[in-house]
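Numbered by numbering that gives the first Met the number 0, the letters in the sequence shown go through residues 0 to 138 in order.
Just so you know, these hints were derived from the structure itself, not from any lab. Just so you know, not all the hints are guaranteed correct.
[Said to hold, decoys possible] DEER-style ranges, computed between Cβ atoms:
| no. | residue 1 | residue 2 | range |
| --- | --- | --- | --- |
| 1 | T77 | T41 | 28 to 34 Å |
| 2 | G10 | N98 | 29 to 35 Å |
| 3 | N40 | W72 | 27 to 33 Å |
| 4 | M0 | N40 | 23 to 29 Å |
| 5 | G75 | L52 | 22 to 28 Å |
We put the beta carbon where it would ideally sit given N, CA and C, even for glycine.
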Amino acid sequence: MYKKILVPLDGSKNSIKALDTAIEMSKNFRAKIIVLSVVDNTKLGYEPLPTKLYEGLDSNAKKVVEYGRDRAWNQGLTINGMVEKGNPKQVIVDYAQKNSIDLIIIGRSGMNALNQLVIGSTTAYIVRNANIQVLVVNA
């Protein structure tokens, strides 16, 4: 049923739960998992991010992807992981479309504390704009 599953990771509990769900589904469907962490370089509007801040965000995103790979490896799976830059909402939707993703599994909300009470804005955008199935999970 599913051949390629995309899991956006930001290190939050909900994104890790989404990865765990993808791992279980992958075992059932023998689907390939791709984890994607997006460095949001749009946070300051039109101003470029300070170099040290950007390097810190990029380093953290790489660690999140590596954590996802290790977590899958411990379950006997090998997954692909990548870091992209841009607006996370748009990057995730675009990546899914360009790479023939069958399913996006995403956490209800991410690292932003304001999003902990309701569905996160990134998740809501992806549900509305992705032209494929989206599974939203909650930790």
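Against the structure, the hints:
1. T77 / T41: 28 to 34 Å: Given range 28 to 34 Å: holds, Cβ gap about 32 Å.
2. G10 / N98: 29 to 35 Å: violated (22 Å)
3. N40 / W72: 27 to 33 Å: Roughly 29 Å apart at Cβ, these two residues keep to the hinted range, so it holds.
4. M0 / N40: 23 to 29 Å: For N40 against M0, whose Cβ atoms are near 35 Å apart, the range 23 to 29 Å is violated.
5. G75 / L52: 22 to 28 Å: violated (37 Å)
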